Each structure stands twice: as structure tokens, then as C-alpha cells.
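With the hints as constraints, model all of the structure from the sequences given.
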Amino acid sequence: MQADLKVGLYGPSGPPYNGLIMKTAAPGPSASKERRGSFTTISGRPIHQLYTPADIAALDYERDLGEPGAFPYTRGIHPTGYRGRLWTMRQFAGFGTPEETNKRYKQLLKAGGTGLSVAFDLPTLMGRDPDHELSLGEVGKCGVNVTSLADMETLFDGIDLAAITTSMTINSPASMIFAMYLVVAEKQGASWDHLSGTIQNDILKEFIAQKEYIYPPRPSMRLITDVFAFCAERVPRWNTISVSGYHIREAGATAAQELAFTLRDGVEYVQYGVDTGLDVDGFAPRLSFFFNSHSDFFEEIAKYRAARRIWAHVMRDRFKAKNPRSWQLRFHTQTAGVSLTAQQPYNNVVRTALQAMAAVLGGTQSLHTNSLDEALALPTEAAATLALRTQQIIAHETGVTNIVDPLGGSYFVEKLTSDLEEETLAYFDTIDRMGGMVAAIEKGYPQREVAESAYRFQQAVERRDKIIVGVNDFVAAEDEPIGTLYIDESAAERQLAKLNELRKSRDNSRVRAALDALKEGARGSANTMPLLVDAVRAYATVGEMCDALREVWGEYEETPII
Amino acid sequence: MQKIRVVIAKPGLDGHDRGAKVIARALRDAGMEVIYTGLRQTPEQIVAAALQEDADAIGLSILSGAHMHICPRVMELLREKGLQDVLVVVGGIIPDVDIPKLNGIGVKGIFLPGTPMQEIVDFITRNVRSRVET
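Just so you know, the sequences run in chain order A and B.
Under this note's numbering, think of the first position of the first sequence as 122, with each following residue one higher.
Under this note's numbering, think of the first position of the second sequence as 34, with each following residue one higher.
In short, the hints are calculated from the structure, not lab data.
If you're wondering where the values come from, they're calculated on a predicted model, not measured in any experiment.
Take every hint as true, because none was put in to throw you off.
Partner residues aside, some chain B positions facing chain A, computed with beta carbon under 8 angstroms:
#1 45
#2 46
#3 55
#4 98
#5 145
Listing some non-contacts, in silico: residues in chain B with all C-beta distances to chain A over 12 angstroms:
#6 115
#7 117
#8 142
A virtual CB, placed ideally from N, CA and C, is assigned to each residue, including glycine.
Spelled out as C-alpha cells, the structure:
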């Protein structure tokens with residue numbers, strides 16, 4: 122790497138960047154009257170002055186678009202769009218202790234939220250108990266701390282798990298947290314057959330972007346295929362994975378990179394599932410996706426439309442899936458956290474509303490809208506409610522839900538959709554040639570692509586090629602301060618006290634036996650899910666369960682790539 | 034003139050490293066020598082890197098809310114090692130109420146989301162110790 126940049130405290134340096142070079146579009150016919158020499162999307166994609174039938178001459182309606190609800194689902198997976206059912210308004214929330222978060226959930230449900238979405242703190246996400254040295258200062262800060270089944274019982278106290286759907290953003294310890302959810306449901310008397318919700322459970326994007334990995338890629342993939350197999354038999358309505366582009370985009374990817382890496386991650390999961398002997402139609406219908414909605418309006422809408430078309434072809438043509446539900450890409454969307462600014466925070470309400478509108482016009486199945494204060498802290502209750510109201514206004518006041526795929530047939534949107542598809546397939550070729558996504562990640566390929574895009578965007582902002590209102594233009598002398606949520610240390614103290622109490626009161630010999638059985642299963646080829654359910658029932662902690670598997674599989678350490 | 038040497042570090046459990054990596058490159062492009070530590074570094078590891086690399090400045094990237102634990106520990110260790118003249122700056126999500134507290138323990142620069150890279154480059158250039166001595 123470059124002479125003056127040492128990376129990873131003396132680790133090896135990566136090969137030079139060899140990604141796509143962005144081209145500049147030829148100026149339009151009336152270029153002399155235009156504000157700039159060239160126009161590009163936020164991803165650096167050149168945009169022409171005008172799009173015409175010539176841009177979509179190759180497009181065949183039946184083959185490439187299809188009616189909503191028909192292959193290849195470019196126009197949506199439901200024939201009736203939002204006329205049948207609106208998207209799920211699912212606000213991601215969690216902070217401090219399970220007691221505090223339980224109160225926030227009840228408030229969100231009372232305000233008309235239609236699903237829960239759990240944000241866990243970093244110790245939970247990294248499989249560490251609150252008394253681990255790396256948990257210092259992190260307990261309850263970025264989300265709710267869940268250490269054992271006891272915390273999960275508190276988190277969902279008074280909430281009927283048979284009546285709602287819950288999404289849980291958890292990856293490395295996804296199986297452990299999911300096992301806890303199943304046991305809480307069982308204790309409430311809810312049948313696993315009818316439970317519905319999602320665990321994120323997407324480790325590949327952790328290696329690429331968010332970096333909340335524990336184990337090396339290959340054993341991590343096994344945990345995931347274990348969940349596929351377990352749910353196909355025991356929890357048939359559960360979404361076993363949410364293959365996520367969100368974090369890849371937040372880390373700096375372009376729209377095309379978000380789309381390509383996410384869908385190629387999806388291909389990898391399906392391939393691993395098939396390779397372990399699962400019938401593709403037995404688990405593929407329960408795969409779901411999660412995309413970002415960034416600020417470049419039409420590029421985002423085209424991204425969702427392209428995603429559906431690409432996935433339908435992948436599942437039917439590459440994996441020979443027969444069940445149409447395996448072909449249909451269902452996705453959750455979150456507005457772009459990275460687009461929020463600490464400066465003039467009320468501007469974030471407007472950004473979020475426009476991003477949410479793009480997600481809706483792209484046909485999302487569920488949506489989280491960020492709160493205006495999230496560049497400063499976790500959201501206050503008032504800010505979170507306003508974010509939910511934003512969705513309700515789009516759903517009930519704007520009229521965009523009256524029509525399915527309203528932008529279908531737009532020369533511009535259709536051309537963007539086709540271009541994004543083409544770029545994604547080019548990335549697929551590159552990654553296939555590397556031996557798949559796990560191999561590409563091991564080579565640092567997607568990591569390098571994303572880092573390069575992140576830096577290029579920041580340079581464009583510095584040059585003011587890209588304007589961020591309130592940041593590099595229209596700057597205010599001083600911002601009116603807004604009230605933010607402050608998480609103090611009391612959550613950590615309470616969670617530590619509860620953990621100490623739990624370790625005294627539970628049957629520790631039962632815990633040890635369950636953890637030993639887990640290790641033995643992990644060394645062999647047993648499905649880890651039933652073993653984790655047993656450990657959860659014995660009130661083993663997240664840290665203890667994760668440590669048991671660390672003992673067997675070791676921990677992953679990355680070579681940082683700038 | 035000798036180049037300014039900066040250690041960029043990601044302490045704590047958080048893995049969101051976009052900011053750390055972008056700023057590492059920006060400082061490098063501005064003519065500084067940059068050492069990026071990688072993820073999940075303890076305060077001890079960060080200060081050891083600063084000592085070993087003869088750093089003029091340390092940039093900590095913290096988005097998780099753990100800054101009030103990590104920064105005081107880094108400052109304490111720098112004092113213990115006799116490195117109090119190393120400039121410490123923090124970037125990330127830092128609530129307003131914590132800014133005076135961090136300034137109070139000797140963190141000179143605090144940069145919130147949206148800060149132009151040039152502003153950080155200029156701040157470090159202006160505030161690092163003079164390196165006329167060898």
C-alpha cells in the first residue's frame with residue numbers, strides 16, 4: 122500500500138484497487154445552458170439530460186418487467202401492491218436495560234407501529250457478557266443489553282409474541298438470541314409453528330462492512346445453515362436471514378455495490394444451504410433482504426426493482442428453484458443513517474421522508490425511518506414517534522399507495538433498473554471467478570471496493586461536487602441545540618447486578634452440561650440450534666454460549682483494508 | 034520538515050470503521066504519516082502504538098457511546114508514559130453534554146458527523162507539538 126499509510130499494526134497490505142472507474146456522461150444537446158458540466162447520482166453514476174424510448178428499446182415488457190406478482194417481479198411481488206396490505210412500519214429500537222426497552226416497545230405499538238425491531242447493544246452483538254473487559258462503557262449504549270433468557274423474558278413482558286412479528290438485528294450470536302426468543306414464546310404458550318419474524322443472521326456483510334464477526338467465515342456459515350434447517354422443520358414461518366445491504370451502503374458502497382454484494386451474499390447462503398443437502402425450495406422462501414434507502418431518489422427506486430428481477434432469475438435459473446415463493450425477493454428498508462447530519466438536525470426529517478418515499482415507490486415490505494437526532498445520539502421518544510408519523514403520512518396522505526409500481530415504464534427508471542442489473546451481474550462474474558463470496562471476502566475484495574467508494578464520495582463532498590445542505594453549503598452560524606437521549610451508567614450497573622444474581626441462583630451444573638453438549642455438537646456435525654435451545658433453557662448467558670463456540674472454532678481477525 | 038505522525042484508532046467493541054478509514058486516507062493525502070490500528074483496540078494497545086510510532090497525534094473514532102470510558106483511560110495512560118504532549122482528537126457521535134468533559138481531560142479536538150476532512154487536517158497541523166527537535 123501507499124508508503125505513508127501503515128495498516129493494521131504491521132499486518133500485510135492489500136493489492137491495489139481495481140474497481141470500476143466512473144465515466145462521465147456526454148453533455149446533453151443543450152449543455153451550454155446547464156448548471157454543471159456533468160450530472161451524476163450520489164453513487165457517481167452519470168445521468169443524461171433526457172431519457173427516451175431509445176434508452177429502453179431492448180426491454181421486453183413480459184420478459185423483463187412482468188405484471189406485479191408475476192415473474193420476474195420487477196414491478197413487485199404482490200399483484201395488488203399496497204392496495205392489498207401496507208408495508209410493516211417497523212421501528213428499530215432498544216437501549217439500556219430490557220425493562221426500559223420494553224416500555225419503549227409498548228409505546229411504539231400503542232402509537233400504531235405494526236412490528237417490533239430489536240436493537241441490541243455491542244456486548245450482546247459481540248457475544249460478550251456485561252462483566253467482560255471489552256464491555257466496559259458499552260452496556261446498553263447502542264441498544265438493549267440481553268445477557269440471558271431472564272432478560273429476554275423482561276424484554277417481551279406483556280407483549281404477545283403470537284400476535285406480533287419481531288425483527289432482531291443480531292448476527293454472530295443470532296442463533297443464541299433466536300433460541301431465547303423461541304423459549305420465551307414457548308413460555309407464553311405461543312406455538313413455534315405460528316411464530317413470525319426475522320433474525321438478521323447475515324454474517325457475510327459483517328465481514329464486508331459492519332465488522333461484528335466472532336468466528337471465521339466458514340464456521341459462521343454453518344451456524345446459519347443450521348438455522349435454515351432447524352426452521353424449515355420447526356419454525357416454518359420464521360425469516361431465517363435478512364441478507365443485508367444496509368450496512369454495506371452505510372460503510373460507503375455505491376448503490377450498485379450495495380445491490381451486487383448483497384445479492385451475491387444471498388447466492389452464497391443459498392449455495393451453502395444446497396451444499397449441506399437442503400432442498401432449495403425448503404428454505405429459500407424464508408430468505409429475506411434488507412436494503413438502504415439513500416438520498417438519490419430514482420437510483421434507489423431502480424435498485425429495489427433491479428433486486429427483484431435479479432433474484433428471480435438467480436433462484437429460477439441458477440438454483441432451479443420451482444416454488445415461486447423462492448423466486449420472490451422480499452425486503453425491509455431503512456433510511457440512510459449515514460445521510461443524517463449533526464448540523465441543522467431538523468433537516469434530517471426531510472431527508473428521511475424523501476428516502477422513505479423512495480423505498481415505498483420501490484415496493485418495500487417493511488420500513489424503518491430514522492429519527493432526526495440520530496447523528497447525535499439514540500433517538501428520544503418524541504423523535505422516534507415523528508419518524509413513525511412520517512411513514513403514516515406517506516401511507517395515508519400522499520396517495521402513492523393507491524397504485525402498484527407507479528414509476529414502471531418511466532424511460533429513466535427502467536434504464537436505471539437495467540443498468541444496475543448489468544453492473545450487478547458483472548460483479549457476480551468477478552466474485553464467481555474468485556470462488557464465491559467467502560473466498561472474495563478472504564481476499565478483501567468487497568472490503569476494498571467499499572472503502573474506495575467511501576473515500577471517493579468524501580472527496581466529492583470536500584470539493585463540493587456533492588452538496589450536503591447545512592454541511593458544505595447553506596451553513597448556519599450556530600445550530601439551535603436539541604434535546605437528546607442520554608444513556609448513563611446505571612444500565613450497566615443494573616445488568617451487572619442481575620448477571621451476578623443469575624450466576625448464583627441458576628443450576629450451574631445444568632449450564633455446564635448444556636455448554637459441554639454444545640461444544641461437542643459443534644466439533645461434530647450436529648445441528649447447533651437444539652443444543653442452544655437447551656443451553657438457553659438452563660439460563661446460560663450469551664457470553665457463555667459464544668465462548669463455548671470460540672473454544673471450538675476460534676476467533677476471526679481481519680487484515681484492515683483502507 | 035519532518036512529517037506529522039498520526040495514530041488512528043478504533044477502540045471499544047464497535048466495528049463501524051468508515052470514518053476512521055476515510056480520515057486515515059485524508060491525513061495521508063495531506064502529507065502526514067498515518068498508522069491505522071485496526072478494530073477493537075484497548076487504550077493500552079493504542080498508547081503503546083503511539084509510543085512505538087513516536088506519534089504526534091492520536092485520532093480516536095468512537096460511535097458507540099463508550100467515549101467517557103475510553104478517553105479518560107487513554108489520557109491517563111499517555112500521562113503515565115510521559116506522552117502528555119501527544120495531541121488527542123476524537124471523532125464520532127458525541128453528545129453535546131460530553132464535549133466540555135472531554136475538553137476538560139485534555140482531548141483537544143472533537144469532530145462530529147459532517148466535519149470536513151480539511152478542518153481535521155488543519156486542526157491537527159495547527160495543534161501538534163513542534164517537531165524542530167530530532
